[in-house]
Every structure is written in C-alpha cells, then in structure tokens.
Amino acid sequence: MLVIPGIGREPYRMHVSGWLIHLLVRALAESMDVRSMVHMSRRLIRNYDLYERTGFSRNMSIPNKDAAARIVRDMKDRELIIPFVTLLIDIHQKGLGGRKYRIPYLKEAVREMEKAGVIYDRNSRMFCENPLVRRTNNWGVLREHEEYIFTFLHTDLVGNTELVRRNPEDIVHAAYSDLRKIVQSAVEKRNGRIWNWEGDGGLAAFYFSNKSTCAVLSAIEIIHELYIYNRISCRLNKPLRVRIAVHSGPCRFRRDFEQLESDTVNKTIEIQSRHTRPDTATISDGVYHMLDGTLAGRMENLNVQTSAPFYSYKLKWEK
Amino acid sequence: MDIYLFTANDAVRKCFKPISGSRLYTLHEHPPDELKARTAGAGEDVFVYLDIEGLTHPKQRAACRVLSERGVRYGIIDRTGSVDDIPLLFFNGASDYIGKTLARTGMTARRLRKTLGYSSGTPAERGAGTVRTADSGYIVSPEGWRSIRVGEEYTFCLMYIELDQPSGLRNKLSDVQFSTVMETFKKFVQTSVGPVGGKPWIWNDFGGLVLVPFDGGGFGVAVTSFRMILSRRIFCVEETGLDIPFSYRIALDIGNIVYKESGDTGTIVSDAINFIFHLGKKFVKPGNFCLTEEVFNMAPEGLRRSFRPCGSFEGKKIRRMRLPL
Chain L
26 MLVIPGIGRE PYRMHVSGWL IHLLVRALAE SMDVRSMVHM SRRLIRNYDL YERTGFSRNM
86 SIPNKDAAAR IVRDMKDREL IIPFVTLLID IHQKGLGGRK YRIPYLKEAV REMEKAGVIY
146 DRNSRMFCEN PLVRRTNNWG VLREHEEYIF TFLHTDLVGN TELVRRNPED IVHAAYSDLR
206 KIVQSAVEKR NGRIWNWEGD GGLAAFYFSN KSTCAVLSAI EIIHELYIYN RISCRLNKPL
266 RVRIAVHSGP CRFRRDFEQL ESDTVNKTIE IQSRHTRPDT ATISDGVYHM LDGTLAGRME
326 NLNVQTSAPF YSYKLKWEK
Chain V
880 MDIYLFTAND AVRKCFKPIS GSRLYTLHEH PPDELKARTA GAGEDVFVYL DIEGLTHPKQ
940 RAACRVLSER GVRYGIIDRT GSVDDIPLLF FNGASDYIGK TLARTGMTAR RLRKTLGYSS
1000 GTPAERGAGT VRTADSGYIV SPEGWRSIRV GEEYTFCLMY IELDQPSGLR NKLSDVQFST
1060 VMETFKKFVQ TSVGPVGGKP WIWNDFGGLV LVPFDGGGFG VAVTSFRMIL SRRIFCVEET
1120 GLDIPFSYRI ALDIGNIVYK ESGDTGTIVS DAINFIFHLG KKFVKPGNFC LTEEVFNMAP
1180 EGLRRSFRPC GSFEGKKIRR MRLPL
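From first to last, the protein sequence lines are chains L and V. Using our numbering, read the first sequence as starting at 26 and increasing by one per residue. Using our numbering, read the second sequence as starting at 880 and increasing by one per residue.
Honestly, the hints are just simulated from the structure, not real lab data. From the three backbone atoms N, C-alpha and C, an ideal C-beta is built for every residue, glycine too. Some clues are possibly wrong.
[To be verified] In the DMTMM-like style, the derived pairs of lysine to aspartate or glutamate whose C-alpha atoms are separated by at most 25 Å in a straight line are:
#	chain 1	residue 1	chain 2	residue 2
1	L	K206	V	D964
2	V	K1066	L	D146
3	L	K263	V	E948
[Stated by the list, open to error] If you want the footprint, here are the derived chain L segments under chain V, 3+ residues with CB under 8 Å:
#	region
4	256-262
5	315-328
[Said to hold, decoys possible] Covered, in the sense of this in silico footprint (three residues per stretch, anywhere, with C-beta under 8 Å from a C-beta of chain V), are these stretches of chain L:
#	region
6	134-143
7	335-343
Based on the provided sequences and hints, a complete structural model is requested.
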C-alpha cells in the first residue's frame, strides 16, 4: 500500500472551514470522474465504498458533484483532510494510474489551510504545522514508529564539570538557560525541533525544507551567537564553549525521547564527542554533500581516520 | 534597588545590617572572588560595595576597572584604611568610600540614599555605555521613536550599510533575481536593526542610512552590525537562496539631525549625514565594518577588542572590525 505522508495515528486536528470543504469538492468534481475519485479515496480509506456511503443504488451512476461532496465529507469526518489535500497535490503533479490530472483550486485550498495553522513544505511535499502557530516534536504530522530521514544537531557544553565547580550555582543555571535560548532560537527559526535537552546540551532534529542546510546554518549561528554572548553578557569566569555535530540518516520517530533507539542519533553523539573540537561544528559527509557551494566552501576537511570524511566549521579571524 | 556587597568579613556584614532591614534596598552578600561573575550585565538598579581588605593593589585596581568598564556604580569599603589616595578612587569611577570610622559605626539607609543620588547624577563618569547629555551636546530620546517629532533635532546612531559591487551583481543575475536580492537585503537590514529600534531612513537600491534614536545608553546597533558581519554567509545562503557570495559594508557614527519623515529628506542639510555617507562610500572597504572613535567608546567593552585603529577620515578617528574569514 502506498504510504501517504501526513497520515498519522494521531492526526493533526486542523479546523476545517466550510470554504475549504467547498473548494475541495469543486477541485475533485472538476478534475476527475467518479471512478478515479473512488480509486484515489481507497488510498486513504481501505475498501472505500462510495455507493454504500452515498446510498445510491449500485446500478445507477453517481453524479460527480455528489460523489465529490461525499468523499470530502468522509475525509473530514475521519480527520484525513491533510493527507487528502497532500494526495491531491501529488496527483496534480505526478498523475494517478498513469493518467494526468489538472486539479483546480489547490492554491486556494492550501491558502485556506494556512489560515488553520498548517503550511505546505515543497521540499518534503508534506503539510506540517506552522511554527508561528504551534510547535510539536512531530511537526504535527510524523507518525509514531514510522521511519524518516532526519538531520540531527547535537550540542554539548565543554568542561561542564569545571564550570559547575568554579562558578556559583545560580550563575551556572543562568548560563545554561542562556545557552538553551541561543540553541532554541537558532533551531526553531529554521523549523527544527529540540527533541531533548539535558541542561548543558541536547539534540535537535530537522525534517522539513532543506534540512541539512538548515541544521548547518543553525550550528553556525549557535557558534556566532555564543561568541557574542561570551564577549558581552557571559557571567561565568570563563567563556561558554560548545561542541556541535550535524549528521543525517534514518530514524524511527518516537514521541517519547527515552524510547528513541537510533543509530543515526548515536552516530551524531559520537561525532560530537570524538571528532569535534571546542567552539566548532563537525558535519558528516552526507550532510556536507547536501550543502550549497558557498556554505560547503567554509568547511574544512578534518582528515580523520574514518570510512567517510568529516568536515568542520570554526569561526576564524583575519590576523 | 539591589545592593551587592562583596566581602569575606563578618565585621563588614555587620556594618551593612541596617540596609538588610530596609524595604527600599535588597542586600546580596557575595565573596569578593565572585565580583566579575556577579556584576556582568548588572544594570542601573544595582550598586556594588567592594571590601578591598585582603586584596592586593593590582587586584583592587583590576576590580575597580571591571566595575567602571561595565558602567556599574560602586563604592569601596576600606576597613583598615589602606587606601592612600582616596580622591583617586572617585576620579576612577567610584561613587562612595567607607573608611575605618564608618565601617565601625555602620551604614544607614539614609546615607545610602545620598550615595545613590550622587552616583546617579554622573553617569558618564561611571564608564562605557552611558553618556552625560549636558556635556556632550547629545539630544537623547529616552523613549526611542516615541520621543521623536518631525522638524526637531535629535541625536541618532547613524548606520550606513550598502551591498558591495552592485554593478557586478547586476551582470551576474537576471533582472528578477537582482530585484529580489535588493528587496531581500532591505528586509534583512530591517529585521536585523528592528530589535534595537533602527529604521531604514534614506534608502537607495543597494543600501542606505539607518537611524536609531539615541537613548543615552549603550550602543546596541554596534552589536547588531557586528552580528551582521559575522552572519554574512548565512545571509547569502539563507536569505537570498542564491549560491552567490554577497558582501556588504557598514559604517557607524553618532550625530545630531533635524528629523524629517523618510522620503522627505531631500532638503536636509546635515554634517552628520554627509559624514556618514562619505565614510561609508569613500572610506570603508568592501565587506568591512568601521566605526568612529566616539561610537567605539560607547560600544560594549567586550566588542571593543575586535576593532583596530585604521586612520582618520574628515577629522574623526576611525576603527575597523577585525573580519571573520
């Protein structure tokens, strides 16, 4: 069965307006025949029986508009409007069963959905929650246990033990809080999510847009902001220093971070702890190759003895 | 009002006991070695008393320097009378001196009120980040843009910013791409200077002049400019969406201007505006960030280390930011 992105066991409860329903009914009715509509609906609802749903006799043909209205209403009742629109966009772009379809009113429907707090991400061809409205660990759409390709960013504070020993407790806590604010701002600005934070560091995940670029830009911004923070507002007796690693790979999504078991996450943490110097960000080979030339040109090959090379970003100054 | 008392001496703590009972002041006692950490980011509502007993002369001087540079108001407690030149403490930025006698009789809330009144009257002498209006000729706007009226003269932080080599860009990009980059750049400037109260005022295709009302406090736009130079590559990749390296130059100065609405600036005759445009266009090299000595002295102390003298321009000393590679 085709996996339709956006179908969740805990679907995002979007408010579906009457106008959106109207647009979707027209979009469906004006773009395909009833047979295709049923074929399409069965991708979302197994064994969908339109005759049973509409009450029409099986020897009668169902008018397009009635069929479309019933299907859209059923999708709404089962909270499948987001995957339904995702599927419509997919069919509009790629066709269905080898046939091309031009589906009208999609732009208007997407705009209407934006008002309800979901946005369409062209890179992943999925809807996700609008970060300005709501921020959840699964972007409102990722399914529990389902495997996705994420880019992870792991941050860890350097010399935490010494920092705790040499500074008053409240100042250390304030510094932790400042660090978290810096990381959170850099990550969430680029639609990433902090999945776990343990006081002196944590793990952030990126899934939408150009995730590798977003993660690397976040890492760079964290290094820059910490530089300014250390110069202007750090209250510790030594500057706050971090090690950052960025790595990409598959991971089964778990809402509860404690239950997350992922080689990609483990690898990210290993890159951070074994191959990253203080005040730098280390980027794995897979992430490096996803970067634009301008950004990739700023990375330095670490020449470590591993199967794949690692690249590093460090803030360097002219002499 | 928070009173920070840095001492390791019980007799001094006893001397400040009347203050701890006051409803007007909150007394915080800390060991002297936490002075640097505790006073970072301390604002107007903090007054520091430092007990210098047990500190060597170099350590005393270093502590006073830190407090002065941070603009923190402070007093010295000298229970043993070890300071030879007491007036020198005041010349260096101290606002109070508690000698042998007072340390014995004890501090009172009334005396503390007088000290605070005295110290708040001389902000310029307390170090960087604040300016005395009467002496400097600055016309401050304490409430930012809300204080500004058209046709009146005010002191503004002036930021000149311009994309480098626009003609080269025009050749590399299509017309649509070029206009998108210019719009994106203006938006980037607006977003960056917005949090410090900055507004693009005179703007041409490739850059222009940003005004920030001067509130007599720190020079936040210097930090913003510093950040913009640091993040120029992020701008190229993230904002423009084009894999082309862009660079921009920034110049900062402070000066008085008779304010007019943006778009109605054609008839303004102003030395400050002429100077900042000349500085930005003729002196600052592509990709660089320069500021005048006057601005440099108001910039946060931690950032000043990143600026080097680079000569004079039209009679003003200029400093240039050491660039990130």
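The hints, checked one at a time:
no.	hint	result
1	L:K206 x V:D964	violated (46 Å)
2	V:K1066 x L:D146	holds (22 Å)
3	L:K263 x V:E948	holds (18 Å)
4	256-262	holds (count 7)
5	315-328	holds (count 5)
6	134-143	violated (count 0)
7	335-343	holds (count 4)
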